[in-house]
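> If you're matching them up, the sequences are chains D and E in order. Numbered per the numbering used here, the first sequence spans residues 1 to 251. Numbered per the numbering used here, the second sequence spans residues 1 to 468.
By construction, these hints were calculated from the structure, which means they are not laboratory data. By construction, the Cβ of each residue, glycine as well, lies at the ideal position given by its N, Cα and C atoms. Keep in mind that a hint or two might mislead.
Unchecked claim - Covered stretches of chain D (in silico footprint by chain E; criterion: 3 or more residues with CB under 8 Å from a CB of chain E, positions within the stretch not fixed): (1) 54–67; (2) 130–142.
Unchecked claim - With a straight-line cut-off of 27 Å between C-alpha atoms, the simulated DSSO-like cross-links for lysine-lysine are: (3) D:Lys131 <-> D:Lys107; (4) E:Lys412 <-> D:Lys153; (5) D:Lys106 <-> D:Lys167; (6) E:Lys297 <-> E:Lys28; (7) E:Lys457 <-> D:Lys118; (8) D:Lys213 <-> D:Lys153; (9) D:Lys106 <-> E:Lys412; (10) E:Lys457 <-> D:Lys106.
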Amino acid sequence: MEGVDEILRIENLHVSVDETPIIKGLSLTIHQGEIHVIMGRNGAGKSTLASVLMGHPAYVITEGSIFYLGQPLEELTVFERARAGMFLSFQYPVVIPGVQVGTFLKKSVQSVRDEPIKGRAFRKELNEAMKTLDMEKSVLSRYVNDGFSGGEKKRLEILQMLMLNPKLALLDETDSGLDIDALRIVAKGINQVAPQAGCLIITHYQRLLDHVKPTYVHVMIDGQILMTGGPELALELEEKGYDWIDVVPEA
Amino acid sequence: MSDEAHDAVGDYRFGFHDPENATIRFDKGLSEQVVRDISALKDEPEWMTELRVKAYNHFIERPMPDWGNCHSLNQINFDNVTYFLRSSDATKNDWDDVPEDIKNTFNRLGIPEAEQKWLGGVTAQYESEAVYHSIREDLEEQGVLFLDMDSGLKKFPEIVKQYFGTVVPHTDNKFSALNTAVWSGGSFIYVPKGVHVEMPVQAYFRINAKNMGQFERTLIIADEDSSIHYVEGCTAPTYSTDSLHSAVVELIAMKGAKIRYSTIQNWSANVFNLVTKRGVAHERATIEWVDGNIGSKLTMKYPSVLLKGEGAHAEVISVAYAGKGQHQDAGAKVHHLAPNTTSNILSKSISKNGGRSSYRGMLQVTPKSDGCRSKIVCDALMLDSESRSDTYPTMEVGNPTADLEHEASVSKVSGDQLFYLMSRGFTEEQAMGLIVNGFFEPFTRELPMEYAVELNKLLELEMEGSIG
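With the rest of the complex left out, here is chain D (with noise of 0.2 Å):
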């Protein structure tokens, strides 16, 4: 893909949780337009690379070096990144009791774009977006994620990916416990952001595939990706599982 910009280029990425590596020598270089799939088994260290990747504190990077639109990513705090553009859907988004959606979104957009924002073409755009993804209105003066069902987090997730309108989107199992017409619709806002991104995809299924087709698909076992590939490999690994694939030598 040359001649596209560059959004994220990650270099032999060492990782560990209380000294205890996850992320073992993790090379992956994302472009704009390009959306990535990583696929593997639970505790392969998928989500750990989405936590890293967002500044989680918990992670210590040992080794290896992490860059942003050409920047050392180590240098900008967590909400540096979401203001230069990097966003994260949670595969458990969290409940902040009392403060409501819309109050939430609002602020967020502001401190992200760095630039006051106009009550009503705030609205509007606002509007767009949950009429992209069926919300109702309703959903604005609830509690952000407080007694939502695992749908409707995810789709809150969306709602604020569509909002962003991020330059790298990272999505951390974003189609666990979706039915059909959620995981389309979530599908949906995944294409309308990724022409404009960089699209990092976890997922554990190859149904949310269906909607969003992916540039590459990547298998990672044991803090490694040891295969890549393209749709076609998603098919292969909900037929066949990963086991073969622990047999191919390392590249």
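For chain D, the structure is supplied; the task is to place chain E on it using the hints.
Only chain E this time, still in chain D's reference frame:
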């Protein structure tokens, strides 16, 4: 307020000079003569003079409470308090003496300059007399009496005599005795039968410094099937050179009436805020206390309701924020004295930077109160491990038909919440501010809009620079 601002409050205290031009100003300390002089100066009826003297004697005899924060209470030096100061002369301080940090806080809260000066103790009167007058005229048309307590006593001595001290007698506690002896200022309100005061009566307190006295006394009477919402105080820090504030508020809700009394107080960190607030709710009446305590050195305040008539209802929603060196000892008391009475108590407290907040509650169910229901919820949020939160609930249940619920929780801000919010572009301080505002939301939503907005802003300012 930031730590710097806290420090500044200390400096501020000494930055003030005594008003040289005060025409009437008593020396420090209290005696029967001082009490009599106060009453004489106000030209009060004899019964009030005698009540003051009786209360003074009770105050002298009554020992200091042996509960709450005794250590702090015993630091109060009653001989070092000025008990009466003509309010128009009380506040002649120099605006230049007000520290920059405090002025910044005012500015960032968006408080108009004239009001800033009043809050800073520079002017006695907020220059919006016109606003006050128009509100007062509206009320007068409906037959509502709304005066400061001194004028209330002058113009309606019979009503005052009938109700004054009936809800909070001077013998109730040491500080109600003190207040009864030396009270000055506060509000007197009477709402006639069937009248609903639609607008929260609030502007008054933001513009009239008379009510900011140390020992204010408020009496609100809502006659049958009437209603009123009264708002006291404001969210902006209130700077005071007086270190002892001891108010008494009495509410009387007659049959079918409803009184809501909302307070936000943010005293400077040198102030002892020891307040007795109590209401009586007659048949089918409702009394609601919405009570927010942000500042002070020590606050001890437990808004109470006596549910005296069948079907009466009490609602007490309170929040407390205890920062560095502060102790908020607050809560609620409800006495179910009649059948089918109901009450809800919601208490929320936040402790930060070593601050301490305590919930102290009393729920009494008497044998007469068949079929009463009560729900108490206390939530505490601690923002760091140096801070402290305690709960002292007391329940006296004398009727087996009572339906009672009590929930209590203590929580800390979770790392997951902070990470989630920071991943959405919020700094750590902003994230804390959002969590804190959310925690107080059940309280904030009960406030008139402008108070809610100010409170949220204030809490956001409080969170700034609080985390290393």
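> For each hint, tell me whether it holds in the structure or not.
Evaluation of the provided hints:
no., hint, in the structure
1, 54–67, "holds (count 5)"
2, 130–142, "violated (count 0)"
3, D:Lys131 <-> D:Lys107, "holds (21 Å)"
4, E:Lys412 <-> D:Lys153, "holds (23 Å)"
5, D:Lys106 <-> D:Lys167, "holds (19 Å)"
6, E:Lys297 <-> E:Lys28, "holds (21 Å)"
7, E:Lys457 <-> D:Lys118, "holds (20 Å)"
8, D:Lys213 <-> D:Lys153, "holds (23 Å)"
9, D:Lys106 <-> E:Lys412, "holds (25 Å)"
10, E:Lys457 <-> D:Lys106, "holds (16 Å)"
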